[in-house]
Every structure is written in structure tokens, then in C-alpha cells.
Amino acid sequence: MFDYNFHWRPVLKNIPDLLEAAAVTLQVAVISMVIGILIGLVLALTRMHLSGPARWIASTWVEVARNTPALFQLFFFGFGLGAMGVHLSPYVIVVSALSFNCAGYLAENFRGGFQAIPTTQFRAARSLGMTVWQSYTRIIIPQVFRIVYHPITNQMVWAVLMSSLGMLVGFRELSGETQALASRTYRIFEYFAVTAVIYYAVVKIILAGSRLLAMRLFRY
Amino acid sequence: MIEIRGLEKFFGNLQVLKGVDLDVRKGEVLSIIGASGSGKSTLLYCINGLEPIQKGSIKVDGTDVHAKSTNINHLRQKMGMVFQQWNSFPHLTALENVALAPKIVKGMSKAQARDIAAKQLEHVGLGDKLDAYPSALSGGQQQRLAIARALAMEPTYMLFDEATSALDPELVGEVLDAMRLLAQEGMTMICVTHEMGFARDVSDRVAFVHEGIIEEIDTPTEIFGAPKSDLLKKFLSNIR
Ligand SMILES: Nc1ncnc2c1ncn2[C@@H]1O[C@H](COP(=O)(O)OP(=O)(O)O)[C@@H](O)[C@H]1O
Ligand SMILES: [Mg+2]
Chain A
1153 MFDYNFHWRP VLKNIPDLLE AAAVTLQVAV ISMVIGILIG LVLALTRMHL
1203 SGPARWIAST WVEVARNTPA LFQLFFFGFG LGAMGVHLSP YVIVVSALSF
1253 NCAGYLAENF RGGFQAIPTT QFRAARSLGM TVWQSYTRII IPQVFRIVYH
1303 PITNQMVWAV LMSSLGMLVG FRELSGETQA LASRTYRIFE YFAVTAVIYY
1353 AVVKIILAGS RLLAMRLFRY
Chain B
70 MIEIRGLEKF FGNLQVLKGV DLDVRKGEVL SIIGASGSGK STLLYCINGL
120 EPIQKGSIKV DGTDVHAKST NINHLRQKMG MVFQQWNSFP HLTALENVAL
170 APKIVKGMSK AQARDIAAKQ LEHVGLGDKL DAYPSALSGG QQQRLAIARA
220 LAMEPTYMLF DEATSALDPE LVGEVLDAMR LLAQEGMTMI CVTHEMGFAR
270 DVSDRVAFVH EGIIEEIDTP TEIFGAPKSD LLKKFLSNIR
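Going down the list, the protein sequences come from chains A and B.
With my numbering, the residue at position 163 of the first sequence is 1315, and numbering never jumps.
With my numbering, the residue at position 42 of the second sequence is 111, and numbering never jumps.
Since the hints were derived computationally from the structure, they do not count as laboratory data.
Label pairs and their in silico Cβ distance ranges:
(1) B/G106 - A/T1289: 31 to 41 Å
(2) A/T1271 - B/Q123: 16 to 26 Å
(3) B/N307 - A/V1284: 40 to 50 Å
(4) A/R1371 - B/G194: 15 to 25 Å
(5) A/G1204 - B/D246: 43 to 53 Å
(6) A/R1363 - B/T139: 43 to 53 Å
(7) A/R1368 - B/T132: 37 to 47 Å
(8) B/S105 - A/Y1352: 51 to 61 Å
(9) A/T1271 - B/K297: 33 to 43 Å
(10) A/V1182 - B/G255: 50 to 60 Å
(11) B/G106 - A/A1268: 20 to 30 Å
(12) A/A1268 - B/G176: 25 to 35 Å
Incomplete in silico selection of chain B near chain A, CB under 8 Å:
(13) N117
(14) L119
(15) N142
(16) M150
(17) F152
(18) F158
(19) P159
(20) L169
(21) A170
(22) I173
(23) Y202
(24) S204
(25) M222
The following residues of chain A were derived to be distant from chain B, with all beta-carbon distances above 12 Å:
(26) Y1156
(27) I1183
(28) P1205
(29) S1211
(30) V1216
(31) F1227
(32) F1228
(33) T1305
(34) F1341
(35) I1350
(36) S1362
Glycine included, every Cβ here is placed at the ideal spot set by N, Cα and C.
Bound-form chain B, shown alone (with noise of 0.2 Å):
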């Protein structure tokens, strides 16, 4: 269970997070929607501790993420996160790139390793494309890369910043199946996303964020089809 109470985040003197208190339970889809500049981004990197936090906790399974004593490095092994660029390693093969975290960050042998890699790779549909470096493939093949290595550590929760949004249109469906795949085997997912639809059919709940706080939270449902708040409902109207 990921726990964020009172979450206040500073770029300097510019805040961004302005006091977020969300729960996301394990096996739920929490997406998360909102205007460009809104703070999604950085919620994520705070809970992925790849951003320091100025006010408030994050705690992952009951372990809080920006404490001085919580081994960062150990912790983030639960959370994988795919980024909006797609970050695959040039210099490594695909399977490469996945086999690596789980031989060096978690001491797999490289047997190992290999073998959770390429099962990972099929598993996003690149199992023909085990010894391809990342300059020969697709965005959206690159993009199921990300997530075939964040998969391979075996994390309990998998975060996704915009993952569709760098790729061009034709390449998005393919990343998307593979995440509506993931959520449908029961993997915590917390997504922010422009992709409505996604929002709607595989979402648990979805948060709206405006402005550095949780102006609306609710299954999609009602989100989508009963919004409370006049920011959401102007939002969705832009974007419709």
C-alpha cells in the first residue's frame, strides 16, 4: 500500500505539490489526469523518491520513502516507473538492458537474470528481438522495453509517467495493451496519462489534479460521467 499524506513539494520558491493525501491499495489502477504543468510528473518522481520532498510522508508497504534511515536503493526495487521518454540504454541489447538491474541490483546470477529477461521481453511481445540494440527499434517497441525492465525486478507496484505520449499515434496501442495486460494480471499501477480511454476502461479510480492538489478522486465512472468540480468538467470538455 503506498500512503501520501500532506505532500508538499517545492521547486524553490514555486510549489508544486500543495498538500496531496492519497491511498492506492495493492492490485488497484490508480490513473491519474490533468492539465500539462499540473504536478503529475513530480508526484511520481516524490514517490519514487527520485525527488527530495520538503513537507508530509510517502510511505511504501509502511516504509516512508524520504526518511534518512530507508535505503532508497532497496525500496525502489517494489516500484518500477516508466518514463515518458522511453530510456532504454543504447549501449546495451534489449535483453541487456533488462537483465542488467536484476544481476546488479538484486545479485541474480546471469543465468538468471537472462532467463527473467527474455521471459519479460515475450511477455511485451519482443521475444524476437532479444539481441537488438534500442537504435533499432520502434518508440513504442523501445516503450515496451521500459517496462519488460522495470518488470524484470519484480516490483509490487509499477508507475507510469505519460508512457504514450512521446510515440506517434500508430505506436500507442501497442504500449497501452501492454499495460491494460499488466493491470488485468492484478499489478498496482498508478498511471498518469492523457489517454481517456485507458483512464476509463482499466482505471480502479481516477485522481484529477490541478494545480498541485487532488481536486477529484473517484472510480471512472463518476469521473467521467458525473465530474463534481468545475475544474474537471472544464477540463474534460477541453480535451473532448
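Here chain A stands alone, though its shape is the one from the complex (with noise of 0.2 Å):
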């Protein structure tokens, strides 16, 4: 009724392959959270700040990016960009739709943290002679940063999964490595199923740094 044989010694044999895979997935993720969070502050200060041109941008951006299947975001970069004669290695396409995915989502949660910050917070920070910077680098986006710290560890994991995308464009991050290692010995099953494991182990190291970074930064 079942009769196939599992393999695993090849599987477990280029295990530091798929960890070294894992690393890159890592690191994808979190660039593109960082540039993701700078962006998603911008698009939300435009938003909630500026008229025209700039904030009908920074609209469309969150709309595309929140509306749309992540998959057509990243054949956006890849694809489309390839088909208007702008050719981007893996790498940058897989960080730049991550990026403006992050970027949308991000901004949505930003704009709901400012909105919670009493303005009066704003003016008292003003009263004692600090710059507009200032009073939002100190006083204001502090503050938001820890109403938006969940649904930025959240994306976060959201980022490391997604990036599993990244095989469709030829990326050699920890999917696109185990496609190309399971193609060359057929044990298909096998080497997904070791590698769920690793970015389930990836995701539970993240929530559980995530919280105790949350013990350290917010002791208020």
C-alpha cells in the first residue's frame, strides 16, 4: 500500500549544504526587513503628512503591495523588470520584492502606532526646544516602535517564509538549494521535509529572540 523507501542518509550527508542555505535565507530576510522598516516609516509619515504626488505614491505602494499575490511582486522585479531591459541578479530581486512587500505592510502598522501617540507628546517634546527630528528620533518613534514590535516580528517570519519564493527566480537560498539538491538524487520528500524542519527551527529562533529583545528594550 506503501511502498516507498525513504532515504535520508543523502539528505542528512549535505545537511551543512542546507544550513549554509539556511544562513542565506537569514540574511535575505533580515536586509530586507531593515530596508523594509525605513521604507514603511517613510510611506507612513508621507501618508499621514503630505499631499499630492508623494503621498499618492506612497499609497499605491501599500495598495499593490498588501493586495497583491507576493509571488507577482517578486516576477515583477524578476520578470517584468527583465522584460523593460532591466536585468537583476537573483539576490537583488528576491531583497527588493521582500523589500516592497515588507515596506507595504509595514506602513499600515506604523501609520496605526503614530496615530496612538497622544500629539500632545509631540508638542511637549517641541515645548523643550527639540527639533522636529529630534522629537520623533527620541520621543515619538520609540514610542511606536513598541506598538508595532509584534506585527514587526511577525513580517519578519512572514520574510523567511516568503523568501522560499526566491527558488522560482533561479535564488539558491535554502528552497532553491534543496530543489537543487533533492532534483540530483530524487529524494524529493526527504529533502523538503528536512528542510521544513530547519525553517521551522529558524522561525521558533526568531520568536524566541523576538522575546527576549522585548525583555531587554521594554522595561516600561
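Two chains, two frames, a set of hints: combine them into the complex.
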């Protein structure tokens, strides 16, 4: 009834390769998150305080990022730009698509965060002689950061998982590497089972790290 | 010295200040009283440059608050402000709340800023709360923290906008005491207040504001003992 023979040895032998690829996955996710957070902040502030074309661009960005499949966003940076003559390396394609997506999602979270801070906090900061920049970086954004801390953590997990789409544009992150190794040995199931465990472990480590960091950061 | 001439302020079409003239001398304590919505808070915000003005001028020690050439962040260091909502920065300890502006606005060293912050917190009776976060402080303590935070910039003037209005009655006294102490030490103060006892005991002058103009301004003895305008008489009889 079930005559598939499991062969784990080839997979286990290649675990170092898989872990190396997992490190690439993590790196891509972290870089995309950093870019996504910075752009997300700018998008949120733009939507809140500016009008005209800047606001339109920011709104469109958020709408597209949140309401179209992540896969299509990836294909846009890969095949879409390729068709227009802009050829990016798989690494850049994946980082761009992930950053684009994270920025759009985080922008909405940031906007909610900013709206939750009473405007009197800003006035109090200005009344002490702080510049607009100082008021934001020292008073407003640290408080917003606490509000969006959990959404950021979730987005980080999502970035790790979504980076697996990278294999569709030929990027050798964890999934791409797994696919390449698996097709050489035909142990498809075993490879992806082990890789799933690695993803699971990476996500758990991120969540645990996030909890530890939160305890250090938010003592108030 | 603060000199206000012909000040007019609009929010859209709504005229909130309708020609205010006012001088506040160094060392003076001026209380501003008046009904809710008469423009008292707005007047303080204009003095501090937190609200733009449409007509007239405000000078602080000869510097025009609203002139384009004025470095408002620099000028604001002369004017401490305490708000109705106490506005502690919740992510910073009491000490950090007070030390932040001296450090990043005045450029003091960490140690210097810490020393001055500890001194000011001591001064308002929070010497044992240096490392407490605002969430662990009562409303009265948070308002005293706000006073210490403003004082740490060593301002020439202190502006109070109903500093006790949002407090539970039993916490009002400790904040008024801190303000009294400040007045005794010779601080120049403009206090928007509903505390008539405070206005009477502490002020050199009291200004009664009605619908965007200063209806009457005089010594507390005159304002409370022999009010001239009918509006003021009515206002005082309503609150007694
Ligand atoms: N930011 C604002 N936008 C529009 N109207 C305002 C604003 N702030 C105050 N006002 C209006 O200006 C008037 C005076 O307000 P305010 O200065 O707060 O009065 P007071 O402090 O004497 O109670 C009120 O009618 C109030 O509704
Ligand atoms: Mg008011």
C-alpha cells in the first residue's frame, strides 16, 4: 500500500549545505526587513503628512504590496523588469521584492502606531526646544516601535517564509538549494521534509529571540 | 520680558485671540483666568511658538517669536512649558525624562545632564523616583516630573497651562506647592489656572480673558476684591 522507501542518508550528508543556504535565507530576510522598516516609516509619514504625488505614490505602494500575491511582486522585479531591459541578479530581485512587500505591510502598522501616540507628546518635546527630527527620533518613534514590535516580528517570520519563493527566480536560498540537491538525488520528499524542519527551527529561534529582546528593550 | 502687541489668532475662520496686548516683566507671576474656550491655552501656545499667529507680535527678551529668522528651538529654551495633560515620556525613566533635553538640545555631557536632572527631581520632591518609569507614578508625581523637566533647561520663563486641571483633587496640592515654591524663588511665571486661591495668593497680577481679549488685568486684590467689568463679576460669582 505504501512502497516508497525512505532514504535519509543523502539528505543528512548534505545538511551542512542546507544550513549554509538557511543562513542565506536569514540574511536576505534581515536585509529586506531593515530596508522595509525604513521605507515603511517613510511611507507611513508620507501618507500622514504630505499630499499630492508623494502621497499618491505611497498609497499605491501600500495598496499593491498588501493586495496582490507576493509571488507576482517577485515576478515583477524578476521577469517584469527583465522585459523592460532591467536585469537584476536573483539576490537583488529577492531582496527588492521582499523589501517592497515588507515596507507596504509595515507602513500600515506604523501608521496605526503613530496615530496611537497623543499629539501632546510631540508638543511637549518641541516645547523643550527639540527639533522636529529630535522629537520624532527620541520621543515618537521609540514609542511607535513598541506598538509595532509584534507586527514587525510577524513580518520577519513572513519574510523568512516568503523568501522561499526566491527559488522561482533561480535564487539559491534554502528552498532553492533544497530543490537543486533534491533533483540530483531524487529524494525530493526527504529533502523538503528536512528543509521544513530547518524553516521551523529558524522561525522558532526568531520568535524566541524577539521575546528575549522585548524583555530587554521594553522595561516600561 | 515678554511683550505682546495686537495679537490675533485664527483657527480657520474662527478668531480665537482678538487683539491681545500684554507685558510680563522678569520676576513677575501672572495668572490668567477665564471661561473654558476663551483662548487661554492658545495664548500660551502662541507665546511658545507652538501655534502660528496671524497678526501682531510677541517678543521674548526682544526676540520676535514668530519671525522667520528666529531660531525657535533656541528661543524655547528660555520658556519652560507645563501642560494640562502631564505628558511624561512613557518610555523613559524619570531621570531620563528630565535629562534628555539638556543633553540633546543644550549639548550637555551625560554626567552633567544627569546631575541637573537629579537636582531638579529632588527639588520637586521626586528624589526617590529617579529610576521609576512614569507608569509607576501618580498623576501628581508625573506633573511634578513635567515641571522638573522644564526647569532642567534653566528657563527664564515658565508657562503653565492648567497644570492641575487633569488631576484628582487630592493630588492638586502637591503640584500647586511646587509652583508656589518656584514663584517664591523668583521665577517669572504665566499660569493659566482655575485655582482661584492660587491666583490670589501667588500672583503679582491676574488677567481675566473673555472671548479672546484681556477684559481686565490688575492685582489679585483688585481682581478678586473689586472687579470692575460685569463679565468678570459674573465669572467670579459663577465659580464661587
Ligand atoms: N487646534 C485647534 N483647531 C481649531 N480650533 C481650536 C484649536 N485649538 C483651540 N481651538 C478653539 O479655540 C478656542 C479657544 O481654545 P483654548 O485656547 O483651548 O481655550 P481655553 O484654554 O481658554 O479653554 C476654542 O473655541 C477652541 O475650540
Ligand atoms: Mg485650555
